[in-house]
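These protein sequence lines map, in sequence, to chains A and B.
Take the first sequence: its position 30, counting from 1, is numbered 30 in our numbering, and each next residue is one higher.
Take the second sequence: its position 188, counting from 1, is numbered 188 in our numbering, and each next residue is one higher.
Keep in mind the hints are simulated off the structure, nothing from the lab.
Some clues are possibly wrong.
Said to hold, decoys possible - Here are the simulated lysine-lysine pairs, DSBU-like style, with alpha carbons at most 35 Å apart: (1) B:272 <-> A:45; (2) B:286 <-> B:15; (3) B:195 <-> A:88; (4) A:119 <-> B:240; (5) A:45 <-> B:313; (6) A:119 <-> B:313; (7) B:364 <-> A:119; (8) B:195 <-> B:15; (9) B:313 <-> B:239; (10) B:195 <-> A:42.
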Amino acid sequence: MSTAPTSTPPAPERPLPTPTRESQPYWDGLREGRLILQHCAKCEKARHYPRPICPHCFSMESTWREAPLAGRIHSWTVCHHPFNFFFKSMAPYVVALVDMEAGVRVNAPLRGMAEGTLKIGAPVRLAFEPVTKDVTLPYFVAA
Amino acid sequence: MAAEDESMVHALREKAAISGIGETAYTRGTTQSGLALQLEASLRAIDDAGLSPRDIDGVVPYFPGGGIAEDFIANLGLPDLALSAFIPMGGATCVAALQTAAMAVATGVCRNVLISVGRTGYSGARVSTRLQQFPQFALAAEFEAPIGMFAPAQLYAQGARRHMELYGTTTRHFAEVAVVTRQHAILNGNVVMNKPLTVEEHHASRMIADPFRLFDCSLESDGGAAVIVSASDRARDLKKPLVTIMGVAEGHPESPASIAQRPDLLEFGLAKAAPRAFGMAGVAPKEIDVAEIYDCFTFTVINQLELLGFCKKGEGGPFVMDGRIALGGDLPINTHGGLLSQGHVVGLNHVIELTRQLRRDAGKAQVKDAEVGLVTGYGDMGDGSVAILRRAA
Ligand SMILES: [Zn+2]
Numbered sequence: 001m002s003t004a005p006t007s008t009p010p011a012p013e014r015p016l017p018t019p020t021r022e023s024q025p026y027w028d029g030l031r032e033g034r035l036i037l038q039h040c041a042k043c044e045k046a047r048h049y050p051r052p053i054c055p056h057c058f059s060m061e062s063t064w065r066e067a068p069l070a071g072r073i074h075s076w077t078v079c080h081h082p083f084n085f086f087f088k089s090m091a092p093y094v095v096a097l098v099d100m101e102a103g104v105r106v107n108a109p110l111r112g113m114a115e116g117t118l119k120i121g122a123p124v125r126l127a128f129e130p131v132t133k134d135v136t137l138p139y140f141v142a143a
Numbered sequence: 001m002a003a004e005d006e007s008m009v010h011a012l013r014e015k016a017a018i019s020g021i022g023e024t025a026y027t028r029g030t031t032q033s034g035l036a037l038q039l040e041a042s043l044r045a046i047d048d049a050g051l052s053p054r055d056i057d058g059v060v061p062y063f064p065g066g067g068i069a070e071d072f073i074a075n076l077g078l079p080d081l082a083l084s085a086f087i088p089m090g091g092a093t094c095v096a097a098l099q100t101a102a103m104a105v106a107t108g109v110c111r112n113v114l115i116s117v118g119r120t121g122y123s124g125a126r127v128s129t130r131l132q133q134f135p136q137f138a139l140a141a142e143f144e145a146p147i148g149m150f151a152p153a154q155l156y157a158q159g160a161r162r163h164m165e166l167y168g169t170t171t172r173h174f175a176e177v178a179v180v181t182r183q184h185a186i187l188n189g190n191v192v193m194n195k196p197l198t199v200e201e202h203h204a205s206r207m208i209a210d211p212f213r214l215f216d217c218s219l220e221s222d223g224g225a226a227v228i229v230s231a232s233d234r235a236r237d238l239k240k241p242l243v244t245i246m247g248v249a250e251g252h253p254e255s256p257a258s259i260a261q262r263p264d265l266l267e268f269g270l271a272k273a274a275p276r277a278f279g280m281a282g283v284a285p286k287e288i289d290v291a292e293i294y295d296c297f298t299f300t301v302i303n304q305l306e307l308l309g310f311c312k313k314g315e316g317g318p319f320v321m322d323g324r325i326a327l328g329g330d331l332p333i334n335t336h337g338g339l340l341s342q343g344h345v346v347g348l349n350h351v352i353e354l355t356r357q358l359r360r361d362a363g364k365a366q367v368k369d370a371e372v373g374l375v376t377g378y379g380d381m382g383d384g385s386v387a388i389l390r391r392a393a
């Protein structure tokens, strides 16, 4: 597909995730309004994004556990240029990278906090936005 | 075990040389295909080396995008290709390819390896489309694109913001990199951006992904570039002053396919590659006369200067000020205008410029008496590569 300018731009479509055999439980969790993370069945470490093997102990056995929604800002950006046409009407939007209590990070839009108030370590909470029948995406709000 | 590894790496020191360099015009708007640009640059590099296309027996083309081994055989009539390799490291590819090529010529697998790039980044597919070609971006596509994070500018912006918050780095520091790079570009006849840039113009340019403004971002441009790597003992007989590869290394970060999950956003592959390359070369950062640093973003230069050991972690911002990185300063960088102002051929133009500097063939941008120089690659969410080259004439 060419992105060269044309007189009739294609209708904006939100890019959606294509869950894999590894990641399906994570997306199922979001759809249920829960943060479900993959944990090693042997050494119990959480890992994200999902993958077949624990890089710490090499176990292929994993379990999925519900994790707390609380986290703290690790960093952020404010997206002004919409690299994808779908996000044009939303720009500028803040995307926060957050250290979750479970020890992994989640990257998601941060809503309701003014740009000037953002700080590393600021507490935030994960929330859920259904965007299609099958897909719910995460976002953050101030804690 | 460690000593054994070390001696194996050092066995490569100065065994390979950059024997030929070639590039097309860097433009915005071409009717040529990426492949045609890549082949045109390749012919120029082969001619620069004093070789015939028939002498090329190894190819390491930039991938994805541009030609593959089959294209080089079909177009250049290569009679006996002994090596066809891809290095899927994004912007770190070209300098990492020097390592692969050096291994190939030092062991006798090949005599002359062609590394090449052809790009229609302006007139062809743009960045958001190109990214979908990379399997390494599958995690970003699944977890980050749906929440509005697509482009390198956005994904790297969070690291830049963290550096600012932790160390007090400012957009004034970013601007310095952009302005100095533009000053250097103006001295080079073959650049896309040939008008002076001021700090004020940088600060007034539109915001792309905070803290990156337009003039913090590299160009989308069209062009081709190529480099030939030959065994040093053979390259001695070729046309141009001998420029040898003293040290070269690639490095891969933790959480290589997702910056978001990387323990330290500011530590990437170069942190692992730099000590190996300096160790292999047997030189220290203070012995580097000129450096061509992969400049996909202004901040990326600052971050790499720290990881290379030119300054301490967190001090990269102040380091670039006061003329230090300009021609005549302690460490002139991106003397050709880089990706920010010359053109985006994935940093192969950085290798070409460093070779010119060490041949003392860099025109108005020549660093006086340049003997030892350094070039980096950076890309693919944080892969890194670095080479240290020497004028061995
Ligand atoms: Zn484990």
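Evaluated hints:
1. B:272 <-> A:45: holds, 25 Å
2. B:286 <-> B:15: holds, 23 Å
3. B:195 <-> A:88: Given pair residue 195 of chain B, residue 88 of chain A holds - Cα atoms ~31 Å apart, limit 35 Å.
4. A:119 <-> B:240: violated, 54 Å
5. A:45 <-> B:313: holds, 30 Å
6. A:119 <-> B:313: holds, 21 Å
7. B:364 <-> A:119: violated, 45 Å
8. B:195 <-> B:15: violated, 41 Å
9. B:313 <-> B:239: violated, 42 Å
10. B:195 <-> A:42: violated, 61 Å
In the structure shown, a violation is registered for the earlier hints numbered 4, 7, 8, 9 and 10, in ascending order.
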